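Chains as they are written, first to last, in our numbering: chain A, 1 to 262; chain B, 1001 to 1318; chain C, 2001 to 2457.
Calculated directly from the structure, the hints in this document are not laboratory data. It should be emphasised that the depicted structure is a prediction, and the values quoted were computed from it without experimental measurement. A hint or two may mislead.
Here are the simulated lysine-lysine pairs, BS3-like style, with alpha carbons at most 25 Å apart [claimed, not checked]:
no.	chain 1	residue 1	chain 2	residue 2
1	C	K2407	C	K2133
2	C	K2296	C	K2194
3	A	K46	C	K2311
4	C	K2151	C	K2135
5	C	K2174	C	K2255
6	A	K10	B	K1123
7	A	K46	C	K2296
8	A	K10	B	K1121
9	C	K2346	C	K2381
Here are the in silico distance ranges between beta carbons for each label pair [claimed, not checked]:
no.	chain 1	residue 1	chain 2	residue 2	range
10	C	Y2175	A	L48	38 to 46 Å
11	A	L48	C	E2069	32 to 40 Å
12	A	Q33	C	Y2175	44 to 52 Å
13	B	V1097	A	L48	42 to 50 Å
14	B	D1218	A	G243	43 to 51 Å
15	A	L55	C	Y2175	48 to 56 Å
16	A	L55	C	K2326	56 to 64 Å
17	B	Y1080	A	L22	28 to 36 Å
18	A	P51	B	L1223	56 to 64 Å
19	B	P1072	C	P2224	36 to 44 Å
No residue lacks a Cβ here, since even glycine has one placed at the ideal position from N, Cα and C.
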Amino acid sequence: MFEARSRRTKIGLQLIVTLMVLPYLFPLIAMVQGSLSGLGWGNYAKVLEVPGFWLFFRNSAIIAACTIIIVYAVSLPAAFGFSKLHIRRKEVYFWLILACITLPEVVLLAPLFSMASALGLYNTYWAVIIPLAALHVPFALLLSRNFVDGIPNELFEAARVDGASSLLVFWNVVVPLSRPIAAAIIIFTLLASWNNYLLPLVFLQDPSTQTITLIPQFFVGEFNNDQTKVLAAAVITALPEVGAYLLLQRLFERGLSAGAIK
Amino acid sequence: MTDKSIADRGLIKSRSSRPARGGAAAPRRLLQPLGLPWVLPALVFTIGVIYFGVGYTGYASTLDWNGLSPNPPSVGAGNYIRIFQDPVFWQSLQHTVVFFVVGFVIQTALGITFAVLLHSKVKFAVIYKIIIFVPVVLAPAIMAPVFRQFYGANGQFNWLLDHIGLGFLTQPWLAQSSTALGVIIAIQIWQFTGLTFVLYFAAMGQIDTEVLEAARIDGASNLRILVSIIWPGVWGTTVALAMLTAIGSLKTFDIPYLVTIGGPNFSTEFLGTYIYRISIPQAHVGYGSALSVLLLILALTMAILLQSGGREKKGKNL
Amino acid sequence: MHRNIRNKSRRRAIAGIAVLGVAVASLVGCAAGPTTTDEGSATSGDLTWWGWSPQPGPAEEFLTAFNKEYPDIHITYKNLTLDGWDAALRPALASPNGPDLFGISPGPKVANYGEQAVDITPALEESLGKDWKSKVSALVSVPQMYTESGKLVGAGVGSANGGSMWINKDLFDKYDLTPPTTMDEWLDDCEVFKANGVTCFVQGAAQAAFDRDHLQAIADNLKPGVWQAASEGKAKWTDPVIVEALTIWKSLFTKGVMQEGAVGAMHFPDANNAFFSGNVAMIMMGTWYMQYATIKGMTAAMTAAGIADPKPFVTIPIPYPSVNGKPSTDYHLFGDVDYAVAVNSKSPNVAAATTFAIWLGTSEAGQQLIANTGGSVASLKSAQPIWDEIPLVDPDVQVGPISDLIKAAGTITEPRLGILTQDMTNAVGIAATTVGAGEATPEEAAKTLQATFDQFG
């Protein structure tokens, strides 16, 4: 963006970024430091020794994966429908869905519980996955609708000349082009479902179904609170997310630039 | 699919303009295939799950209920009337507004600056990006004690002030009504600049480099380019972010609740924390539901206002 | 019945809508977790138990011991933090899938969830005899443990009592100081500590529950009974004793007893960890701190506070320094059942659940475990900690003061949490922080308290 021809400006810019990024770094350092105080790496060992740690990890992965798949499978066709197909009063429907972004999760807890009980979903992963997905479809839809809006109509017309149905067009045009937006959906939904605390807490009773966000509870009691291990657990919990971000970074950015943006 | 033939005949009619995005209506095409089946799963899913919740909350908002008792008495609009006489509600609304405005302005400024700088062939850009983005993935619950220590009377922040010659500014930041809100905003900015940055970074990647080159040849300064080309170029992002931040501010819960429990003396109480406090620990589920309904209305209004307002401005600019 | 019909049709509508959602979702094919249903007898069954206390470790010990006697009752314990307790339990109890056993404590929790508990009185009579009240702590049967309809919500497992302070004895010895018995001595001690770079006292004043402990201690010290009377509506919150308690509380800030920034700190983890880091002389904590008098408990707590190579220090309880002008070394304690295990009346396993609740609350095996864990004072009078089994850091110094504390705890009649609604606890927190920060005078704060009391009770 900015042009830095001279060496001095180059160094200057570098310096500014470095200074600006420091405030973001400090709390992270404090966090890692905290996770290493006391027993040092032993804190991490203790977290990994929590009975069922890997099971919790796996459960979180299952919940995140299912949520991502559902969000993707529901929002992309909807994006296509809203963007390129004829729907009466489509904006009304669109805003009906979008309005769901505004609802705080805690407000939904009681109704969700009665729903999960009525459907026999209590204590199953579904009781967590379905509300999570429902809460994140709106944002995914917002992103992917704008993305599909950006696909030139010429592509669709070409498909039409070949006699393709909307299903085929969707499959052959929208889906292949949507890889970047998929990356964005994956990252955002992963963050939301992986970090979610309240829903697994409330809906998963069986210890074998609990998730990784409940690990800190092993170190926090009524009258004690071992922050060193809580922080170690936090670092471990964040690693897969940071990994996913690094892995999908390029696609993610492309997806965003074609998504909610411009 | 029964609409296959319709679909075949009328898929795309207009070759010319790209359809307008967002709220504006797409160009009318008479023989466009039906889209309803495509959006039905999303509608059923969100409406089935969430609107059930909204309905439930709406009903609960007319009750004097602790969330458990089987036959709660109805109070009609009583809870809503109470809201308007509740000083904590007005206080938390005020904090929410300050939080949104200050947080959004600073976050936007930082996000754009980072995006511009990291688009300017800075070395080790990936490392900077990671540092800014990592806070986005961390659960606020985890960071709350870290921040209480960081901004504590003997915390690292005061230590830092001491060492850069600003020792006279040191104070117990979270222990005073006057400074606690500022700290909460700072933590929020810390956590979400990553998101703002990523969105702007992506948006700037879309700006035509030829335009930039042309401007440079005409002798435009970096600042001039920022104001006249980059800023308008990312306007859509700014509007989208304004909307998301507004909604996020109204829902804000984690950071103020976990760092200061809304205190001291309600100085960091927000609508989100107030609803939680009222409906969960204090078990005034009816009143909490009324507050939730109000929050929903406010959030929708904000979203619609920002969306339409933003579009108008864009129209004038171009 | 009208409600049932409405519920049914509403449920059906929800079911219809959600089934569609599920149908869409199941296209993707994700695994679902198990569900459990089982009818139970008094000696067998599959049960679930939710509690904020004990922690998973001790809970496992309890359950292992329990299963030696009742091998066919399988209990799955789920530990929740107090933060998430109400959010999780309320909807769970409202549904047919709630836990068979759930933790409960007097006051707000009894008010909110008590009506759904099975009356435990008959089981107590069966286990301990008609005179069961004489065998357990009086706190087990205080009015706050009963619902409005007269049900005893659970067999109190142990008690948590406030009104004491705990000191770092090593620091007092190091600077040749004696624990304060009056406010003046306290101020003097603080000056010495401060001069030596030691923090005199820590309080996490952002946490209302522990402000309440401290204010109640001051008020009881000034004049026993006023705090309780105000809580029960028999005295005004604007009573001179309460105003003076707030004034003394304020002086703790202005005279530098409180650590800087106390109003922004939490009692847990902030103040607690500060104490265990070893550079703080005193903290306001109750009987639950007994667990940290042991080598094991202290070492763990210091490690948790981030000390790399912990050398356990000696900590002992002392009475709250006298503020009424008369030097005294008596405890004015208040307390209540830390947790009782309640049996969910909707459970299909009421019999087996009751077996466990009674075992933990009244059996010698169960109660001895509680006594030795040190988190709470066991309810069964005959269960006392066996110090040989849980080595203290320095038994010579610690056994005396700790035994005194346990003895004082045995005579408590004034409730701690049980006395205030959640609204009032909140209001006390606000009063404490505004007064502490100098944003309200004690008189103003007392008026606000009374106003809140008038509104919510």
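Each hint tested on the structure:
1. For the hint pairing K2407 (chain C) with K2133 (chain C), the CA-to-CA distance comes to about 18 Å; that is within 25 Å, so the pair holds.
2. Between K2296 (chain C) and K2194 (chain C) the alpha-carbon distance is near 30 Å, which puts this suggested pair outside the 25 Å criterion.
3. The hinted pair formed by K46 (chain A) and K2311 (chain C) meets the criterion: a straight-line CA distance of about 20 Å does not exceed 25 Å.
4. A hinted pair counts as satisfied when its Cα atoms are at most 25 Å apart, and K2151 (chain C) with K2135 (chain C) qualifies at roughly 20 Å.
5. Only pairs whose Cα atoms come within 25 Å are accepted, and K2174 (chain C) paired with K2255 (chain C) is accepted, the gap being roughly 23 Å.
6. The hinted pair formed by K10 (chain A) and K1123 (chain B) meets the criterion: a straight-line CA distance of about 9 Å does not exceed 25 Å.
7. With a CA separation close to 16 Å, the supplied pair K46 (chain A) and K2296 (chain C) stays within the 25 Å bound.
8. Distance restraint check for K10 (chain A) and K1121 (chain B): the Cα-Cα separation of roughly 9 Å lies within the 25 Å cut-off, and the hinted pair is therefore satisfied.
9. With a C-alpha separation of about 32 Å, the suggested pairing of K2346 (chain C) with K2381 (chain C) is violated against the 25 Å cut-off.
10. The hint said 38 to 46 Å for the Cβ distance between Y2175 (chain C) and L48 (chain A), and at roughly 42 Å that hint holds.
11. A beta carbon spacing of about 34 Å between L48 (chain A) and E2069 (chain C) agrees with the range 32 to 40 Å that was offered as a hint.
12. Range check, Q33 (chain A) to Y2175 (chain C): about 30 Å between beta-carbon atoms, so the 44 to 52 Å window is missed.
13. Between V1097 (chain B) and L48 (chain A) the Cβ separation comes to about 45 Å, which falls inside the hinted range of 42 to 50 Å.
14. At about 45 Å, the CB distance of D1218 (chain B) to G243 (chain A) agrees with the hint of 43 to 51 Å.
15. Taken as a hint, the range 48 to 56 Å holds for the pair L55 (chain A) and Y2175 (chain C), whose Cβ atoms sit roughly 51 Å apart.
16. Distance hint check for L55 (chain A) and K2326 (chain C): the Cβ-Cβ separation is about 60 Å, which falls inside the suggested range of 56 to 64 Å.
17. Under the hint 28 to 36 Å, the C-beta atoms of Y1080 (chain B) and L22 (chain A), about 47 Å apart, miss the expected range.
18. Under the hint 56 to 64 Å, the C-beta atoms of P51 (chain A) and L1223 (chain B), about 59 Å apart, fit the expected range.
19. One distance hint, 36 to 44 Å for the beta-carbon pair P1072 (chain B) and P2224 (chain C), holds here, with the actual separation near 39 Å.
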